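Produce the complete structure using the sequences and hints provided.
As given, the protein sequences belong to chains F and H, one line each in that order.
Under my numbering, read the first sequence as residues 1147 to 1337, first letter to last.
Under my numbering, read the second sequence as residues 1147 to 1337, first letter to last.
In case anyone wonders, no lab produced these hints; they're calculated from the structure.
Please read these numbers as outputs of a predicted model, since none were measured by experiment.
Each hint should be verified, as a subset may be incorrect.
Each pair may be met inside one copy or between any two copies, as identical chains are not told apart.
With a cut-off of at most 27 Å between alpha-carbon atoms, the simulated DSS-like pairs for lysine-lysine come out as follows [as the list claims (entries may be wrong)]:
1) Lys1175 with Lys1252
2) Lys1198 with Lys1152
3) Lys1198 with Lys1322
4) Lys1163 with Lys1253
Protein chains: 2
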Amino acid sequence: MEGLRKHFEKFIHLTDKEWDAFSCKLQRKQLAARTYLLEQGEVCTFVAFIEKGAFRFFYNRDGEERITAFFFAGDAVSNYRSFLTGLPSEHIIESLQESVFWIIQKKDLYELFNAYPNIDRLGRFIAENLYLTVARRLDSFLFDSPEKRYDDLLRRNSRLLQDVPQFMLASYLGIKPESLSRIRKRKTKKA
Amino acid sequence: MEGLRKHFEKFIHLTDKEWDAFSCKLQRKQLAARTYLLEQGEVCTFVAFIEKGAFRFFYNRDGEERITAFFFAGDAVSNYRSFLTGLPSEHIIESLQESVFWIIQKKDLYELFNAYPNIDRLGRFIAENLYLTVARRLDSFLFDSPEKRYDDLLRRNSRLLQDVPQFMLASYLGIKPESLSRIRKRKTKKA
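Okay, structure coming up:
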């Protein structure tokens, strides 16, 4: 949990009292590989902070799965849209490996916002960062080639190739598994 | 400016003192039609609240323009990503008509955040809402047909057809102007 506190320090310094109030609302959870953390149609009432593991964020439409994001250790994971609006999630969140994470419930977080202006401000930093994440994702869909998107993902998580099966990477990149093999071969030659 | 205060009341109640502190930092601006509010490569240091008019948000890559958003009266407009990170904007913000808006500078806003926890909280609500806007935009690129995206835009601004030229609408929808004509014809028949 100290890792999480250090992570928050990048945004804001919480006093011991503020940190105690926050951390005693955190619940440590473990999830086996390939297990749903959030189902399609469920309302998301939590934010989870990943200590260990990997998650995918995907939707299922007419039987076809499409992955829109991966989350790794150090990331916050939530269907933030469902969390904010109270609407059912269109996406599924699933662990890819055995994962450990800390979860805070919306009602607890909102109570903390009311009691501690500094935690409210932390909430602003989290909202701003989730904004940046989704804005980058939108731009990468508009601007970038699959190759560039593959490089960016690899930069964010160097263990990607162990953590994420090839067919999921291809789904995220919006290409066929064969095209991903070609991209990887080109990279091996260059390296 | 009272319209803006009412708009904020949807998120949070500001006392007269808080509103006075905030509103005395707002500058009223006017911009002629087809004028840049933000250039490509410029760092965005403001948030603007539109009282009257319309703006487009677009990028220019290899000579090709692509529109990613429209903003109308009641919307907040900013390149929020550039605003938060201090990085140069990849996008251009341009007025489509003669427009009136209220602008607040980043340094003033951050001073207000420090002085008034309630205004900091307003900042969180703004960040959360901008998150929802961009998350919806990403989903609409992933999920929706051009026809659905056209309907959604029309629902947000019923004056759309007066406010936005056809070729810009087509660019936003990612289709050719001829395809947009076909969509509109189908709708006229149905109506």
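Which numbered hints fail: Violated hint: only 3; rest satisfied.
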